[in-house]
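**Q** Each chain, written out:
Protein chains: 2
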Amino acid sequence: MKNISILGSTGSIGIQALDVVRLHPDRFSVSALAAGANVELLERQVREFSPSLVSCSTEKVARELKTRLAGHNRPLWIGHSDEGLRRCTVAEDIDLVVGGLPGSAGLVPAFAAVEAGKDLALATKEVLVMAGRLFMDTVRQEGIALLPVDSEQSAIFQCLEGHRKSHVKRIILTASGGPFRDMPAPEMAYVTPAEALKHPRWKMGPKVTLDSATLMNKGLEVVEARWLFDVPPERIEVVIHPQSICHSMVEFDDGSVLAQLGATDMRIPISYALAYPDRIDSGAEAVSFPLLGALTFHEPDMVKFPLLKAAYDALAAGGSAPIVLNAADEVAVDLFLGGKIPFDRIAAIVMNCLNAIPCAPAETLKEIVSFHEYVTERVRADWPEFAK
Amino acid sequence: MKNISILGSTGSIGIQALDVVRLHPDRFSVSALAAGANVELLERQVREFSPSLVSCSTEKVARELKTRLAGHNRPLWIGHSDEGLRRCTVAEDIDLVVGGLPGSAGLVPAFAAVEAGKDLALATKEVLVMAGRLFMDTVRQEGIALLPVDSEQSAIFQCLEGHRKSHVKRIILTASGGPFRDMPAPEMAYVTPAEALKHPRWKMGPKVTLDSATLMNKGLEVVEARWLFDVPPERIEVVIHPQSICHSMVEFDDGSVLAQLGATDMRIPISYALAYPDRIDSGAEAVSFPLLGALTFHEPDMVKFPLLKAAYDALAAGGSAPIVLNAADEVAVDLFLGGKIPFDRIAAIVMNCLNAIPCAPAETLKEIVSFHEYVTERVRADWPEFAK
Chain A
18 MKNISILGST
28 GSIGIQALDV
38 VRLHPDRFSV
48 SALAAGANVE
58 LLERQVREFS
68 PSLVSCSTEK
78 VARELKTRLA
88 GHNRPLWIGH
98 SDEGLRRCTV
108 AEDIDLVVGG
118 LPGSAGLVPA
128 FAAVEAGKDL
138 ALATKEVLVM
148 AGRLFMDTVR
158 QEGIALLPVD
168 SEQSAIFQCL
178 EGHRKSHVKR
188 IILTASGGPF
198 RDMPAPEMAY
208 VTPAEALKHP
218 RWKMGPKVTL
228 DSATLMNKGL
238 EVVEARWLFD
248 VPPERIEVVI
258 HPQSICHSMV
268 EFDDGSVLAQ
278 LGATDMRIPI
288 SYALAYPDRI
298 DSGAEAVSFP
308 LLGALTFHEP
318 DMVKFPLLKA
328 AYDALAAGGS
338 APIVLNAADE
348 VAVDLFLGGK
358 IPFDRIAAIV
368 MNCLNAIPCA
378 PAETLKEIVS
388 FHEYVTERVR
398 ADWPEFAK
Chain B
18 MKNISILGST
28 GSIGIQALDV
38 VRLHPDRFSV
48 SALAAGANVE
58 LLERQVREFS
68 PSLVSCSTEK
78 VARELKTRLA
88 GHNRPLWIGH
98 SDEGLRRCTV
108 AEDIDLVVGG
118 LPGSAGLVPA
128 FAAVEAGKDL
138 ALATKEVLVM
148 AGRLFMDTVR
158 QEGIALLPVD
168 SEQSAIFQCL
178 EGHRKSHVKR
188 IILTASGGPF
198 RDMPAPEMAY
208 VTPAEALKHP
218 RWKMGPKVTL
228 DSATLMNKGL
238 EVVEARWLFD
248 VPPERIEVVI
258 HPQSICHSMV
268 EFDDGSVLAQ
278 LGATDMRIPI
288 SYALAYPDRI
298 DSGAEAVSFP
308 LLGALTFHEP
318 DMVKFPLLKA
328 AYDALAAGGS
338 APIVLNAADE
348 VAVDLFLGGK
358 IPFDRIAAIV
368 MNCLNAIPCA
378 PAETLKEIVS
388 FHEYVTERVR
398 ADWPEFAK
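If you read the sequences in order, they're chains A and B. Take any residue in the first sequence, note its place counting from 1, add 17, and you have its number in our numbering. Take any residue in the second sequence, note its place counting from 1, add 17, and you have its number in our numbering.
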């Protein structure tokens, strides 16, 4: 029996992780659930999976959960905020933590999980974007299993299993291209949040969906792959693959390419990370290749989607540039979803921030967090300037 | 330094294996070359690669080779026929044997290589078709590395590396569909040998090319995969993939599919088998996914190509039925290439033989060889009857 903790249990990854857990009661036990403010769903999850620890975003939410669970007759600790989250991450009986918190909020808990020696199924790409080198050093020091939950990184991970990394020539990240793949560039200024939140292939949280529409998501994955698989950026290629059946590929020195394919169902990478090195029923449907139609691939348009190029630039600049990239994008996406800027200003803000905000030392977790906070504050304050 | 012996050095596999060897003089040394009657090419190969053993098909050819090599100043033993072939297979300094002999001729040498403890890069699919169970038992007993050279089997082998076979749900063998994929069935009676020998994707020997045109080749690969990967036939699926970029796939229990892709260049699977577990430059070009166009997949037409179904039937019948399948096909292809029967009679002969010739005990290598000879003789004698 594997005892798991799910950070972000009411989000897209958390819900789908619990779908997988539900299929395998003999294999997984839920030790802890941490969520934000969706107290209704959290209550249902607690009743169904009987964790011994729960954490909510605030004391108020925690109180409401306690009231709702008055009749619940299993031993249960309910906490909140950073301390609640921490306990749901490091408690002794936890074997594996599912890191499904959205955005930079997932950073500190991911480090806490690894430092406590927990295996980590990591969905939060910001961890590797903001703190790639430090995080991978910590993973190696602690000797834990780091299992990527992103479909692309899981694909690459699966293609590398059993093969020597020294023979990797290229990593080929596939991208659906998002909802505006074929939209003429001038029209992109008029895209609404509702349009940008409709992903053609994947059901995901709002930030990731929005980032898919700008290809920023693929840029973040380039940074992530660089650290996760220790491959220099010039060996990471992005290819648009609108059908999202091939989830990424690895090319080796002999010209052989291994690819991982499957339904566009996050339960495949989630179940792989939960059960690794086993494979279990994920609940996903099998792909019928004769029914697929054609699989196509083409080059990304880095002029129309400058944030993909910005990610490569940030990697090349090194140091804390990826932190600027990520923080500026978080703020810009918020501004767009709040109706304050048009769609094409997201990229403008990120690129202007990369040019304007000088790198800072960011080698410890504390420095990384405080530089992220500094950039976030600065972009929030000066966004009309950066959006020009 | 790995000392290799190439059986069938002047054939398609042998020539391409030597292409790979030529790229890596620091890694491979050629100990032995065995070929048929192409004495001119064999002479050139001997002069270039300086093996210490050579074997030709007949004494006459061996004599001619000796004359041609009169001025060759390296120590060289030149033999012929079964004994020459055997010495080129089992000589003490050989580390790895490339089994590239065409058809049933490759059977006995493959067993000899394994029994002598040599690693074996096996291209001759008839070995597993005719003697699958016995051969795999021998491989396991001797503990040698059996490395498939067929592009499809190599693809599956690569996809399984590092993953547990107990989690395999399906093996998906891809097939180009051959040159007559889109030809209406009634026209197939009028196909000429020259048309059938033009494969749209792969450059291969005549027997394999012809078998690709009837899909018999894929049928033989189904039988081969059944033994090579110990997967029951109902878990082996064939999918037509005209572009021949995806060389085969493995689906796992979680719905995840691993695929191996690459240029249609046999030097990729050959170099993989030669260097395993390393990967080396194969000389093949990299695939550019944006330039590929579309990859398509569809179901094979088992009515138009009944030999694919015949292979599944022979596997289901078990025992010596695959020997009948293979021997009848060898004779029928010869008859077609000799202009004695129309194209569509190849399948008729094979299917009628499967129905008419009862299975025989074929559990030892001797029994397998003699049953193969019996079927071959009988089909050669009675083909006008079987072709009806």
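Calculated directly from the structure, the hints in this document are not laboratory data. Computed from a predicted structure; not experimentally measured. Where hints are given, some of them may not hold.
It does not matter which identical chain is used: a pair holds within one copy or between any two.
[Stated by the list, open to error] No farther apart than 25 Å at their CA atoms in a straight line, the calculated lysine-lysine pairs in the DSS-like style are these:
#: 1; residue 1: K383; residue 2: K83
#: 2; residue 1: K182; residue 2: K19
#: 3; residue 1: K383; residue 2: K321
#: 4; residue 1: K186; residue 2: K19
#: 5; residue 1: K19; residue 2: K215
#: 6; residue 1: K77; residue 2: K357
#: 7; residue 1: K83; residue 2: K224
#: 8; residue 1: K182; residue 2: K383
#: 9; residue 1: K186; residue 2: K326
#: 10; residue 1: K220; residue 2: K77
#: 11; residue 1: K405; residue 2: K186
#: 12; residue 1: K19; residue 2: K321
#: 13; residue 1: K182; residue 2: K405
#: 14; residue 1: K383; residue 2: K186
#: 15; residue 1: K383; residue 2: K220
#: 16; residue 1: K182; residue 2: K77
**Q** Between the shortest in-copy and the shortest cross-copy C-alpha distance, which are at most 25 Å for K186 and K326: within, between, both, or neither?
**A** This pair counts as within: shortest intra-copy Cα distance 21 Å, inter-copy 40 Å.
**Q** At 25 Å max between alpha carbons, let me know whether K19 reaches K215 within a copy, between copies, both or neither.
**A** Close neither inside one copy (35 Å) nor across copies (56 Å); limit 25 Å.
**Q** Between the shortest in-copy and the shortest cross-copy C-alpha distance, which are at most 25 Å for K77 and K357: within, between, both, or neither?
**A** neither (30 Å within a copy, 89 Å between copies)
**Q** If the cut is 25 Å between Cα atoms, do K405 and K186 qualify within a copy, between copies, both or neither?
**A** neither (40 Å within a copy, 54 Å between copies)
**Q** Quick one: K186 to K19, C-alpha cut-off 25 Å, is that within a copy, between copies, both, or neither?
**A** between (36 Å within a copy, 24 Å between copies)
**Q** Classify it for me, K182 with K77: is the Cα-Cα distance of at most 25 Å met within a copy, between copies, both or neither?
**A** Intra 49 Å, inter 50 Å, cutoff 25 Å: neither.
**Q** Is the C-alpha distance from K182 to K405 at most 25 Å within one copy, between copies, in both cases, or in neither?
**A** neither (43 Å within a copy, 57 Å between copies)
**Q** With 25 Å as the alpha-carbon cut-off, assign the pair K383 and K321 to within, between, both or neither.
**A** neither (36 Å within a copy, 68 Å between copies)
**Q** At most 25 Å between alpha carbons: which applies to K182 and K383, within, between, both or neither?
**A** neither (32 Å within a copy, 45 Å between copies)
**Q** Could you figure out if K19 and K321 sit no more than 25 Å apart (CA to CA) within one copy, between two copies, both or neither?
**A** Answer is neither: 46 Å inside a copy and 51 Å across each miss the 25 Å cutoff.
**Q** Have a look at K83 and K224 and pick one of within, between, both or neither, based on CA distance no larger than 25 Å.
**A** Neither: 30 Å inside a copy, 75 Å across copies.
**Q** Should K383 paired with K220 be assigned to within, between, both, or neither, using CA atoms and 25 Å as the limit?
**A** neither (33 Å within a copy, 60 Å between copies)
The structure is inconsistent with the numbered hints 1, 3, 5, 6, 7, 8, 10, 11, 12, 13, 14, 15 and 16, although it conforms to all the rest.
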